[in-house]
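Those protein sequences? They're chains A and B, same order as listed. Mapping of the first sequence onto this note's numbering: residues 17 to 391, in sequence order. Mapping of the second sequence onto this note's numbering: residues 114 to 438, in sequence order.
Everything labelled a hint here was simulated from the structure, so no lab data went into it. There could be a bad hint or two in this list.
What the hints assert, rightly or not - Label-pair distances were calculated between CB atoms; the ranges are:
1. A/Asn89 with B/Val337: 25 to 35 angstroms
2. B/His215 with A/Arg239: 45 to 55 angstroms
3. B/Arg345 with A/Thr200: 48 to 58 angstroms
4. A/Arg297 with B/Ser340: 29 to 39 angstroms
5. B/Ser377 with A/Glu91: 32 to 42 angstroms
Every residue, glycine too, gets a C-beta built ideally from N, C-alpha and C.
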Amino acid sequence: MFGSGQDVLLSSCETERGGRVVWRVFHDSVMLIAVSGQDTEAVCEFQLRRLLDNIWNCMVLILGIDELVNVRNVERLKRDLRLCYQLIDGFLEASGEWMGDVTHCVDCLLPPQLVLLQEALDAFSHAAESEFGCLLVHGKVVAATEKWWRLAPQEVVLLTVLLRSLGGTACCDQPVFLPQGSPTVPHRLLRFQLLPGADVCVLCGPSPSLQRAEIELVGRFWRPLMEILWTCLALKDHCLPGSVTLHKDVLGLLLINRESSRAISSVRSAVNPPGAPSVARRWELLRLFFIFTVKRYFVQDEVAQRQKRESLQEEFALGFSHQPIQCYMVTEECKCFGLQTPHYQLYLLMPFSVPTFALRPLAARTLSTLTATGF
Amino acid sequence: MFSEPLGGDVEQTRAAASYWIRRRKQGRVLCQNEATLISVKCGWNREQGGAGEWARCMLGAACSWPPTCCELMARSLRPGSLVHVDWHRSAEAKEFFSRLQHKKKRRKFGLLEAPVMPPSISVDTVNYKVFISGKSAVGKTTLAARLAGLDVPRMHYETTGIETTVVFWPVKLRDSGRVLFFRFQFWDCGENSLRRFDHLLPSCKEQMDAILFLFSFIDHASFVDLSSQIARGTGASDNIVKVVVGTKFDLFMHTDVTEEEVRSFQAASGIPVFRVGGDVCGGWGEVAPLLNALAELLWHQDRLAAGKMPPQPSSRGETGDLAGC
Chain A
17 MFGSGQDVLL
27 SSCETERGGR
37 VVWRVFHDSV
47 MLIAVSGQDT
57 EAVCEFQLRR
67 LLDNIWNCMV
77 LILGIDELVN
87 VRNVERLKRD
97 LRLCYQLIDG
107 FLEASGEWMG
117 DVTHCVDCLL
127 PPQLVLLQEA
137 LDAFSHAAES
147 EFGCLLVHGK
157 VVAATEKWWR
167 LAPQEVVLLT
177 VLLRSLGGTA
187 CCDQPVFLPQ
197 GSPTVPHRLL
207 RFQLLPGADV
217 CVLCGPSPSL
227 QRAEIELVGR
237 FWRPLMEILW
247 TCLALKDHCL
257 PGSVTLHKDV
267 LGLLLINRES
277 SRAISSVRSA
287 VNPPGAPSVA
297 RRWELLRLFF
307 IFTVKRYFVQ
317 DEVAQRQKRE
327 SLQEEFALGF
337 SHQPIQCYMV
347 TEECKCFGLQ
357 TPHYQLYLLM
367 PFSVPTFALR
377 PLAARTLSTL
387 TATGF
Chain B
114 MFSEPLGGDV
124 EQTRAAASYW
134 IRRRKQGRVL
144 CQNEATLISV
154 KCGWNREQGG
164 AGEWARCMLG
174 AACSWPPTCC
184 ELMARSLRPG
194 SLVHVDWHRS
204 AEAKEFFSRL
214 QHKKKRRKFG
224 LLEAPVMPPS
234 ISVDTVNYKV
244 FISGKSAVGK
254 TTLAARLAGL
264 DVPRMHYETT
274 GIETTVVFWP
284 VKLRDSGRVL
294 FFRFQFWDCG
304 ENSLRRFDHL
314 LPSCKEQMDA
324 ILFLFSFIDH
334 ASFVDLSSQI
344 ARGTGASDNI
354 VKVVVGTKFD
364 LFMHTDVTEE
374 EVRSFQAASG
384 IPVFRVGGDV
394 CGGWGEVAPL
404 LNALAELLWH
414 QDRLAAGKMP
424 PQPSSRGETG
434 DLAGC
């Protein structure tokens with residue numbers, strides 16, 4: 017506050033013992049402050065900034081922007097904000113098998129027989145008077161209608177997190193404001209749990225009612241596809257259909273399609289060379305390697321712009337006159353390789369035993385195998 | 114077969130048939146054989162009636178039985194007079210309850226699923242919509258999770274919109290000895306969201322069969338609020354089952370509502386009161402009293418709405434259709 021009075025922009029600060037405080041004011045109304053613990057290596061400014069963005073979007077999603085920007089009664093707002101806690105906690109406790117919170121890309125799962133699922137979804141959404149439909153398995157997008165993909169990637173990530181937070185219930189009718197598409201007018205997000213772990217949802221207007229949609233539409237469109245849905249559920253951590261064969265040394269991977277803002281992350285629990293990290297640890301390592309790489313080397317356009325604007329202290333990255341396209345890291349647990357092309361980014365996790373010189377050809381081959389699926 | 118012929122009271126039988134057909138159209142009754150169920154529920158001989166014929170001509174006809182009469186009769190229902198309340202403990206029930214479990218935990222069913230019985234046993238499923246009403250933080254979501262055997266949320270979060278939970282519960286009827294799967298769909302909606310969005314309450318109340326009014330034993334205001342809740346939750350002509358549930362009964366050290374108050378409320382309103390609370394250990398015993406009572410009241414109401422009590426079958430059906438009866 018002192019700084020802004022003097023026309024000085026202060027964007028973050030670090031404590032003596034390594035804690036970090038980051039803040040941002042949204043729409044001149046709400047200031048969000050994120051404080052990280054003392055171990056700054058684990059949580060960097062990049063993550064905290066994404067966290068602030070995500071939390072603001074959570075608040076808009078549930079309450080709408082009007083209530084946040086034109087605050088008439090602070091006490092009432094505080095009470096209403098409690099509605100967002102579950103979603104916000106979803107971001108604060110983010111870990112494990114999804115990375116949308118840091119990648120801002122939609123976590124996807126590549127199913128077998130996508131065409132059938134896509135057809136069913138399109139027909140189902142049409143019958144539910146909606147152009148926005150999405151099928152999720154284990155909280156990852158398997159198929160979505162064309163309009164759904166046209167939503168801002170952050171919104172899609174947010175909706176996915178929301179759907180994940182709804183857990184084991186059979187159906188939901190949830191009013192949502194889309195932070196970018198429709199921040200003032202709420203839509204209804206209807207969600208139906210077809211099988212435990214497989215959900216279909218649509219964004220719609222006043223009709224149909226939840227009950228009518230459930231009774232008349234769910235069984236009609238999805239019962240014939242139960243077998244395929246079970247097959248998708250069985251993919252679990254793998255997230256890739258059996259037809260995609262990867263090199264035996266790939267422990268886990270994250271593939272980002274930079275154009276469509278979609279991502280596939282896969283951890284192969286069947287691959288277990290001696291000394292390899294556990295499945296849970298592999299998810300964690302993928303996440304850490306992604307954050308490390310994006311911070312240092314694969315600086316994304318939006319981040320680069322913000323860095324210029326807000327003059328962060330990442331001089332190392334700013335000092336580059338070129339954009340690195342490959343990087344690798346060797347740790348005691350495993351070896352990692354990152355690779356980017358104009359369309360894709362690939363992050364690979366491999367066992368320590370793989371020779372370092374073999375990482376690059378292995379990554380190139382994995383990328384071509386994955387892109388051959390048409391993702 | 115059944116003793117009562119179609120000629121007894123044609124109008125009544127028609128109304129009864131139309132009631133069940135309507136419920137089937139609403140997706141409320143899922144049965145192996147439509148004609149069988151209609152005939153069983155209406156106490157009506159299939160050969161004589163030709164239920165398929167009725168099904169075609171009776172669609173959309175309204176049920177004409179005065180609700181006031183139904184309500185009076187609902188009040189007089191003695192617990193355990195229609196269903197076997199301790200049946201879940203019997204050896205016969207094991208076969209059914211084992212279908213609701215997976216690795217010693219409650220099995221979760223998606224909307225496309227239902228308990229699968231061996232082909233030799235055919236069991237019909239009846240579907241009911243139950244709305245859970247109560248003040249914020251009274252324990253609506255927790256009650257739904259408890260009844261479904263899901264993990265009870267460890268932190269309190271306000272529900273933001275409507276969430277529904279499905280619970281399957283097998284019940285053995287006293288008069289026919291039939292076993293039915295009751296499929297309860299509990300509708301739970303956060304109070305704050307109800308206030309913010311007008312469309313949620315009508316959606317919850319659309320075609321509901323029963324309503325659970327919740328109060329918390331550690332919050333006296335929620336108990337006082339019951340009568341206004343009941344007035345708000347149900348219209349004067351509504352023909353729905355009402356049950357009151359007191360939550361957080363385990364926190365008796367802090368209890369704010371006395372037994373005496375609960376007793377006098379129950380006597381004055383004629384609405385049964387149940388108590389829940391404590392850790393969920395997953396046994397059937399902890400949910401059986403409420404689910405059995407709910408099943409019984411709903412079954413009773415359906416039979417009243419269909420216009421008559423089914424007569425006792427003079428003999429068990431010999432046809433294959435009635436194998437599950």
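**Item:** Numbers of the earlier hints that this structure fails to satisfy, in rising order
**Value:** Failing hints, ascending: 2, 3, 4.
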